[in-house]
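Spelled out from the first residue to the last, the chains are:
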Amino acid sequence: MSGRPGSIIEVDRNTPPILFHYGEGFRLERLPLGARVLYPPDPLDPIPHPERAIRRALSHPVEDDPLKGLLRPNMKLTIAFDDLSLPLPPMAQPDVRQLVIEEVLEMAADAGVEDVELIVATGLHRRMTADEIRHVVGDRVFTTFWPDRLYNHDAEEPEGNVVIGKTAQGEPVTLNRRAAESDLVVYVNLTLVPMDGGHKSMATGLASYESIAAHHNARTLLASRSYMHPPDSALHHSCIRQGQLIEDAVRVFHIETSVNNHAFPAVANFLQKRETDWTTADQASFLAMKQLTDYAPPSFKQTVFHSMRAPYGLTGVNAGQVDHVHEKTLANVRRQLTVDVEGQTDIVTMGVPYLGPYNVGAPLNPILVVCMALGYLFNLYRGKPVLREGGVLILEHPCRNEFDAVQHPSYIDFYEEVLADTLDPIEIEKRYERRFAEDAWYRQLFRRSHAYHGVHPFYAYIWGAHGRAHAGDVIVVGGDREVAHRLGFKAATTLEDALEMAEQTVGRWPSITHLRTPPLLLADVS
Amino acid sequence: MLALEFVRSVPRYALVRAAGGRPEVATGPLSSLRLADVPSPPLPGPDWVRVFPRVAGICGSDLSAIQGHASLYLDALTSYPFVPGHEFVAETEDGARVVVQPALGCEVRGISPACAQCAAGRPGLCENVPEGDIEIGLQTGYCASTGGGWGEVAVAHRSQLFAVPDGLPDEAAVLIEPFACCVHAALRGAATPEDVVVVYGAGTIGLLTVAAVRAFTPPRRLIAVAKHPHQRELARALGADQVVAPNEVFQRVRFATGARRLRGMEGSLLLGGAEVVFECVGRADSLNDAVRLTRGRGRVIAVGMPGEERVDWAPIWQRELTVMGAYAYGTEAGGRRTFELALEAAPKLRLERLTGPLFGLGEYREAIEYAAAAGRLSAVKVAFDLRPLRT
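Here the protein sequences line up with chains A and C, keeping their order. Everything in the first sequence is counted per the working numbering, starting at 48 for the first residue and increasing by one. Everything in the second sequence is counted per the working numbering, starting at 3 for the first residue and increasing by one.
For the record, the hints were derived by calculation from the structure and aren't laboratory data. Ideal Cβ placement from N, Cα and C applies to all residues, glycine included. Watch out, some of these pointers could steer you wrong.
[Said to hold, decoys possible] Derived Cβ-Cβ restraints for the label pairs, each shown as a range:
(1) Asn249/C with Leu334/A: 57 to 63 Å
(2) Leu75/A with Pro359/C: 48 to 54 Å
(3) Arg187/A with Glu322/C: 51 to 57 Å
(4) Met326/C with Pro205/A: 56 to 62 Å
(5) Ala286/C with Thr191/A: 33 to 39 Å
(6) Asp314/C with Glu485/A: 30 to 36 Å
(7) Gly362/C with Glu485/A: 55 to 61 Å
[What the hints assert, rightly or not] Here are some, though not all, of the chain C residues that point toward chain A, as calculated from beta-carbon distances under 8 Å:
(8) Gln253
(9) Arg256
(10) Phe257
(11) Gly260
(12) Ala261
(13) Arg262
(14) Arg263
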């Protein structure tokens with residue numbers, strides 16, 4: 048499928064209706080003449096022999112010694128890896144992390160290393176289930192190490208985390224005790240967007256709340272423009288400071304992988320294509336799926352959609368010193384995602400899909416809709432946002448008042464108690480965060496069940512802080528009106544209505560840009 | 003006089019009950035309630051006066067009796083036939099507006115010395131209810147001798163009368179009786195300023211309990227459980243800090259109290275929870291919720307009139323809960339009568355917004371049906387308007 052770079056088309060009389068994601072469903076919308084549609088680049092060709100590329104990366108690392116040379120008998124080796132928030136949808140087996148981990152373990156075995164433990168770098172995300180971990184690491188690794196030597200990081204275990212120190216800016220740095228006491232930590236990453244990877248991997252994935260709160264806060268997020276472009280991201284600057292301290296304390300060998308944006312399996316192949324390229328088979332698939340999603344109950348649709356696995360292909364693997372490795376990874380990721388865009392626009396439209404990083408196996412609840420729309424999708428830019436300041440963001444999503452009580456218990460309280468009080472991210476943090484952080488029940492569910500940390504809804508919400516401050520208005524099309532209002536958005540029944548409402552804010556004859564994503568793109572706005 | 007009269011008929015009661023208390027059955031040919039021209043009740047003694055009801059409320063306990071839901075426990079404490087209506091504002095022969103405290107204790111019955119309960123200011127718990135100048139009955143409106151609010155004329159002992167302030171409209175005064183019940187309940191609950199309190203239910207009793215708790219024992223946080231939008235608004239207006247739907251009560255109380263929530267085969271329970279819960283519905287679901295969201299050694303106050311409900315006693319046992327009833331009124335700690343407290347607090351509450359629609363006695367079938375569906379129909383206190391009968 049490798050081929051065209053990302054592009055922009057201008058809607059004319061011959062342009063077919065454009066696809067909008069709409070939760071576990073889709074809508075076709077006719078955009079006004081002259082509107083722009085941003086399409087992501089086609090998937091890059093994957094590396095033909097991933098195992099060979101991985102072996103090569105480990106034996107020819109960037110600014111570091113080959114992994115083999117770092118391994119010795121009687122050492123304490125920890126392998127940490129990214130959790131299920133990446134990639135989205137989850138990758139069809141074999142997951143690239145499995146390939147890397149198997150290679151590292153083989154080298155360790157050859158070197159006679161016996162004390163090996165594997166840690167899922169969950170940070171404040173929920174614990175992965177045994178099945179999910181098995182899916183990521185593969186049967187062989189799972190059977191050998193689970194559960195004593197393969198487990199989730201526990202950010203709330205007092206004895207399980209150690210204080211490394213404080214950065215020059217006063218940011219506390221903590222680290223998983225096993226990692227901190229290891230002779231070598233091998234971190235296995237999967238980078239999907241430029242926000243991922245680098246020092247952020249260990250500084251958040253193996254840290255505790257105190258450490259993560261240093262940069263996961265409204266002030267930092269508002270100063271990250273955008274967090275999809277690390278040089279302009281206060282979030283990343285903070286993670287780098289913490290990461291450097293970690294590097295001083297423990298020997299880290301960093302492995303980063305990147306994948307192409309082949310995000311949908313064959314059955315949903317039409318989602319990978321521009322509407323003008325749809326074949327008769329694509330149209331038939333679309334119609335069948337549209338019928339299904341229009342009439343099936345949400346729970347059924349969620350089951351179907353969440354069972355989808357993406358046939359991602361490996362586009363790069365680099366190992367060695369984290370900064371140098373990450374630079375190469377970012378170049379790869381940008382190669383896959385970048386679309387050059389000329390100028391900002393009065394209105395941006397987007398369809399919000401069923402899945403974000405924090406709801407694998409659960410509905411995208413209203414807070415996560417904010418996170419996806421005003422957070423991730425809005426921030427997929429470099430330079431300046433596609434939306435001009437004071438412009439209107441129009442998103443399509445059912446926005447149901449629906450929460451997963453197992454994964455998101457504190458989200459329910461955040462929605463009912465916090466957002467009923469104020470929408471201001473700074474105020475929210477000031478008034479409520481400590482209470483959520485210290486709630487014993489949240490802590491218990493986080494540690495023993497599969498709940499996100501008590502403060503996680505704060506992060507999901509402030510992930511959209513910059514987008515909220517930037518947009519003059521946000522309008523939800525096809526969403527639950529009460530939910531939209533609770534989130535501080537306006538509600539419209541149709542896109543036409545929303546565009547008419549938007550004109551009250553941005554004036555007549557506005558310029559419009561639609562982000563046709565996912566698959567993901569990164570707008571390089573001049 | 004024209005009055006609605008409740009007659010004792012076991013077959014009718016059983017048939018209405020068997021029909022699930024459906025309003026069209028409960029007010030149809032099988033009904034124990036009838037509109038009739040009945041003799042005015044004679045004055046039972048020298049300290050008694052005639053009163054002429056102006057507005058009389060339809061209480062949940064009246065509906066229970068008419069719909070066959072009421073506990074048969076009350077049967078032995080009632081004399082028949084009786085004119086229902088124990089919450090009413092009336093006029094005396096000299097034109098003064100009064101509310102009637104319906105409890106029929108020793109003083110009203112002309113019994114001296116009073117029983118221990120009445121001597122302690124608790125006429126609702128009088129142990130002499132079969133004795134004295136009048137027939138057996140706990141209250142005006144359940145006694146064959148006194149008449150009730152649903153008739154043109156009733157009789158009342160002078161000690162039962164409380165003057166209605168000029169500024170208090172009839173539509174507010176008719177709620178003084180239930181409000182006094184709720185003031186008594188609030189004082190029984192004795193919440194402290196550190197407590198989280200839940201008022202479960204937002205019908206008349208629930209809403210007035212919210213108002214009473216806010217006025218007399220304000221807690222740290224007062225959470226009301228309400229089903230319908232108008233109830234939610236009123237609960238807030240009357241002093242609830244937060245109003246939640248029945249299906250979110252565990253989540254919300256958990257958050258407010260920092261408790262833990264566990265889910266079992268029979269729903270949720272909290273480890274921790276509210277210090278005081280006022281149960282104002284009287285049904286199994288709400289009673290079972292109440293005992294599961296009250297913290298260990300906390301207090302559950304049964305304010306709404308329950309019938310025969312299936313309640314799991316395990317939480318009461320395991321949590322060492324104090325479950326207490328709150329019935330009627332009397333003289334509270336400090337020596338003030340509950341009705342006086344209610345009358346003093348009422349003017350600020352604008353209780354008239356809770357009352358309506360009003361029906362004539364001749365429209366009693368419609369009135370009962372409306373009252374039985376009050377929540378759904380955005381009503382709180384459905385009442386009879388007897389003022390046209392006085393002109």
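Comparing the hints with the structure gives:
1. Asn249/C with Leu334/A: 57 to 63 Å: Because 37 Å falls outside the window, the suggested range is violated.
2. Leu75/A with Pro359/C: 48 to 54 Å: With a Cβ separation near 50 Å, Leu75/A and Pro359/C satisfy 48 to 54 Å, so the hint holds.
3. Arg187/A with Glu322/C: 51 to 57 Å: Taking Cβ atoms as reference, Arg187/A and Glu322/C lie about 54 Å apart, which means the hint holds.
4. Met326/C with Pro205/A: 56 to 62 Å: Because 42 Å falls outside the window, the suggested range is violated.
5. Ala286/C with Thr191/A: 33 to 39 Å: Violated, since Ala286/C and Thr191/A (Cβ atoms, about 53 Å apart) do not stay within the stated range.
6. Asp314/C with Glu485/A: 30 to 36 Å: 32 Å, holds
7. Gly362/C with Glu485/A: 55 to 61 Å: 59 Å, holds
8. Gln253: 6 Å, holds
9. Arg256: Holds, because the Cβ-Cβ distance from Arg256/C to chain A comes to roughly 7 Å (cut-off 8 Å).
10. Phe257: Result: holds, 5 Å to nearest chain A Cβ.
11. Gly260: 6 Å, holds
12. Ala261: 7 Å, holds
13. Arg262: Check passed: Cβ of Arg262/C comes within 4 Å of chain A, closer than 8 Å.
14. Arg263: For Arg263/C, the interface hint holds, since the closest Cβ of chain A sits about 7 Å away, which is under 8 Å.
In summary, the structure is inconsistent with hints 1, 4, 5 from the numbered list given earlier, while agreeing with the others.
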